[in-house]
Amino acid sequence: MLVSSNWLQELIDISSYSPEELAEIITKTGIEVESVTPVAEGVSGVVVGYVESCVQHPNADKLSLCQVDVGEETLQIVCGAPNIAEGQQVAVAKPGAVLPGNFKIKKTKLRGEESNGMICSLQELGIDEKDVPKEFADGIFVFPEDVKAGADALSLLNLDDKIIELGLTPNRSDALSMAGVAYEVAAAIDGDYELQEEDVPYSNKAAGDLISVEVEDKQANPYYGAFIIKDIKVGASPLWMRNRLTAAGIRPINNVVDITNYVLLEYGQPLHAFDYDRFDSDKVVTRRAKDGEMITTLDNQKRELKNHHLVITNGDEAHAIAGVMGGAKSEVQEDTKTLILEAAYFDPSVVRQASKDHGLRSESSNRFEKGVDPNRVERAGKRACELLAKYAGGTVLSGAVSVDQLDRSEKTVSIKTSVINDRLGTSITNEEIADILRRLQFTYEQSGEHFDVKIPTRRGDIELFEDMLEEVARIFGYDNLPYTLPQGSSQAGGLTLEQQLKRKVKSYFEGAGLHETITYSLTPKERSQMLVSPEIKRQAQSPVGLAMPMSEDHSHLRLSMLPELLQSLSYNVARKQKDLSYYEVGTVFVSNEEQVTKQPKEILRASGALTGTWISHAWQQEKKEVDFYVVKGIVEGLSAQLDLSFTYEKTKLPHMHPGRTALVKSGDKEIGFIGQVHPKLQKELGLKDTYVFDLNAEELFAQYTKEEAFQAIPRYPSVSRDIALVVDEQITSAAIAHTISEAGAPLVKDVQVFDVYQGDHLPEGKKSLAFNLLYLDPHRTLKDQEVEEAHDKILTAVKDEHEAELRG
Amino acid sequence: MKERLEELKQEALEKVSKSENVQSLKDVRVEYLGKKGPITEVLRGMGKLSKEERPVIGQLANEVRESIAAAIDTKQTRLEDEELEKQLEAESIDVTLPGRPVRVGGPHLLTSIVEEIEDLFIGMGFEIKEGPEVETDYYNFEALNLPKGHPARDMQDSFYITEELLLRTHTSPVQARTMGQKDGNEPVKMICPGKVYRRDTDDATHSHQFTQLEGLLVDKHVRMSDLKGVLNAFAKQMFGAERDIRLRPSFFPFTEPSVEMDISCKVCEGKGCSVCKGTGWIEILGAGMVHPNVLEMAGYDPKEYSGFAFGMGPERIAMLKYGVDDIRNFYTNDIRFLEQYHKA
Ligand SMILES: [Zn+2]
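Chains as they are written, first to last, in my numbering: chain A, 7 to 814; chain B, 130 to 473.
I should point out that these hints are in silico values taken from the structure, not numbers from a laboratory.
From a predicted model like this one, the values you see are computed outputs, not experimental measurements.
Each hint should be verified, as a subset may be incorrect.
Derived DSSO-like pairs (lysine-lysine); straight-line CA-CA distance at most 30 Å [stated by the list, open to error]:
id, chain 1, residue 1, chain 2, residue 2
1, B, Lys450, A, Lys510
2, B, Lys324, A, Lys362
3, B, Lys277, A, Lys607
4, A, Lys417, B, Lys432
5, A, Lys460, B, Lys432
6, B, Lys324, A, Lys510
7, B, Lys311, A, Lys422
Here chain A stands alone, though its shape is the one from the complex (with noise of 0.2 Å):
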């Protein structure tokens, strides 16, 4: 809403206010103040002129040669108008006046002849092309009214106006009016205002003579008041009414429909007029469109109606949309002499569904679908017809027509000062509480500290007791609240188990040396169902997909975290960003059905995706790129963070490579995968050697169980051997290991590969496998002959199971 602080003031005394002071107050008080701008930032020196003359420019086709009067003498000014001619009122920048955008007017010759200032255009003065009536679009601008020669043109055409734009919410809809303003400014700053009755010079006919009303669908339409107006004049309306349409974003058009649109500013209320003789018919019936009705509304758009949508008719064909537009039909004319002036109610959630399904937003449509004051409608209908009658030639017909089952009634909130008080930790006054009213206007029947509040039906937002705190609230001033701390029960905060673990995990990942990224959860299909965990694959039936996507980029929830992982590694390679290592703690969504009627499941996962160099220590020749032992590492880690342990088993996955893949498991349960990445993936963006982690946090989080008891360290020595072993080259290291431990039981605490060969000295399709083995008693000092004991049992189970010879 844009409010001319020059009409506010005509409404209520604002004087001893800046705008912006003012902009302040209401901001804190109730109404949120966009911003305040001045309709013509430094201009100046613009005057009435009076064209004496004009001829053409002796020297140039398109210009003419004026001489005009500005009040005090008259100047030679050259013009390039086409609508420019004698006896006109134009607006003058003398030399030395300032047009926006700081541009200086000087006296200057143009073709041979002397120019003492400018006439100027409403856009050269600094209004919004889409402000500009019609008439004056490709030219200067003429007064439409008498005005004095050398007379201040700024004020006239109320460029000395600054607009204060409000950002209303959707409860706010009464401020939708320059009167409604008008009441929440008088409660900011106690002041006076209140909405001027209206003054309509009936004449001795009546309008029933002219006109009946039917309405069908009552609960679509409780009021609906047809006034007549004959003797229209149809023309250009005052220059206030223009300046005050301006101000507000409001293109003037002629008098009939500048009336209406001003009443709709000034009361909130739409009003709509139709040509009497285009209606072509002696009754208004509202109802509800067929499905497949046509209409031609205002904008020349053909529109097809369904039985939803509530139109007014002449009985036979549709003239208006309720609410949102009329018809082409009966539009007002140049030369429309009769007119039908319609003030109704329509109900707000009609409007809005015709609105939206036409993709039609009017200022009617916006007050309609927010609903308007039920004891302003009638008004604003006799307003409007005052002002026909004023400015438009207008006799209006007594007695509005209408049909009228409207509620009126105002609601009555009850509050009493002790229970307001609780809720806002305050210790306001019984009479404080009186002045709140009373400078907001609402009436009431006090008895000690209660309150029977009567709620006018301006107000449609406040229905309960906490609408009226917060009236009482602000009012009283946010600012003036204490500052207190909750007095309640207390409770201990703090994190759940599995929040903590998150945080350790990706503390852990960070020190690790991977990045934390977040990445969208909604993926094109086609990367939603790649590189998913096969666990998971095995659940989900499709990828979850929304039902209306705003493009295919982001239609459904992904089940793996990796493809949009891949997307932002891609994304900083095509930046010469080359070395990445990131990862992601987010969930995933997961449906067994085909087609999704309940939740997905969500489920919590860590993934990673790695790249380029790992580690580069340039002058020690020092140089390692990402592989998958260095992924398997950092999962390795994380598994010891957890004090878990994970097992590792090679597998075949689409998207990975078919040699550098394996499953994860802890425990028994499958928990997700490792590898890298295919090369025909990497290729595809641009992504040189890239290996991922997938894993189901959610999962790790439910083994993890905290330490129970303190482990002694060990008091007796440990005593280490190696072994080496040659075996076939698919046997793989884990399972050696398994077999060692086994049979080495229970001496044989820790196992760990310390060296793979293959090549020279071997013989074809063998490798050498070396281990170094931990043999300890926790009770007391191991001899070496229990040593060497078990270590013999062990090398013959490796023989038996695994047909491994020492390596000699």
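Assemble chain B with the ligand onto chain A, guided by the hints.
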């Protein structure tokens, strides 16, 4: 004999002081303290002495031995230290060469902000609650006083999956769910951070996915001044002790009264500048007293229980605090962006 011992002592000490290396000291040790050395010899000749003289000479001989041995030890330590020093000097390196780099990662800026806020509220006794990102229409809207057809639903156009399921448009459903679990007779004191989604085209100030952090306190006798006190503590902790707050009226369907909280502009100290659009204040969050309909739907009697709620956007806070000028930066994961804020 006494003279002989004194003589030996002088001789030996002189040799010790003349020794220039560990080997020659060793020789001195063998020469004077060895089994065949002169002192041992002197002791052997003690048999010839009288009963009275014997202990005197014996004691003297021991003293001489000890002082020679002490002199040798001292000198030896010194020589060894000198030798080690020389050797270490030869092992010296260029300390200005760069060290072996350690890979260091770090948290995302949004995580840092969220965790900072979490810790702050944990300190005030709040719990952290989480909830599903795919929500039911009921929890996302209806339980929050936004029945079907409510105009405020337009304010947050949503991503629907089915008619009844959608990506949550705010984290408020977590509040509704948490309250619902309390049977209307237990207090709630929680914050809920999380991802939310709205039908916005991504640009510098809009993102179809973003983060929200909301807080809720429901108990008997919760006052609006408590909300002001808690928000003030939050603002000072988060933005600096010298920041002031102000509350001004606003509207949210799930709170009544509803307010927005501004903090005084840091750039101009409240005088008005381009950052605060000349107002001296910067909008930080929305808040209010929990709407009685919301309390009722969650099973609380609004006459007995009251509460406050607040909600903020960590992206916005990060943008204000660190001058991030494009919300898309949080989701493109440019390494140059991520690394900048690891100390945040
Ligand atoms: Zn500022």
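Hint check:
With a C-alpha separation of about 26 Å, the suggested pairing of B/Lys450 with A/Lys510 holds against the 30 Å cut-off. The suggested pairing of B/Lys324 with A/Lys362 holds, with an alpha-carbon distance near 29 Å, which does not exceed 30 Å. A threshold of 30 Å between alpha carbons decides the hint, and for B/Lys277 with A/Lys607 the separation of about 26 Å falls inside it, so the pair holds. Of the pairs offered as hints, the one joining A/Lys417 and B/Lys432 holds, with about 21 Å between alpha carbons and a cut-off of 30 Å not exceeded.
At most 30 Å may separate the alpha-carbon atoms for a hinted pair to count; A/Lys460 and B/Lys432 meet this at roughly 22 Å. Between B/Lys324 and A/Lys510, the direct Cα distance comes to roughly 20 Å. Compliance with the 30 Å bound is thereby established for this hinted pair. Between B/Lys311 and A/Lys422 the CA atoms are separated by roughly 29 Å; this keeps the pair inside 30 Å, and the hint holds.
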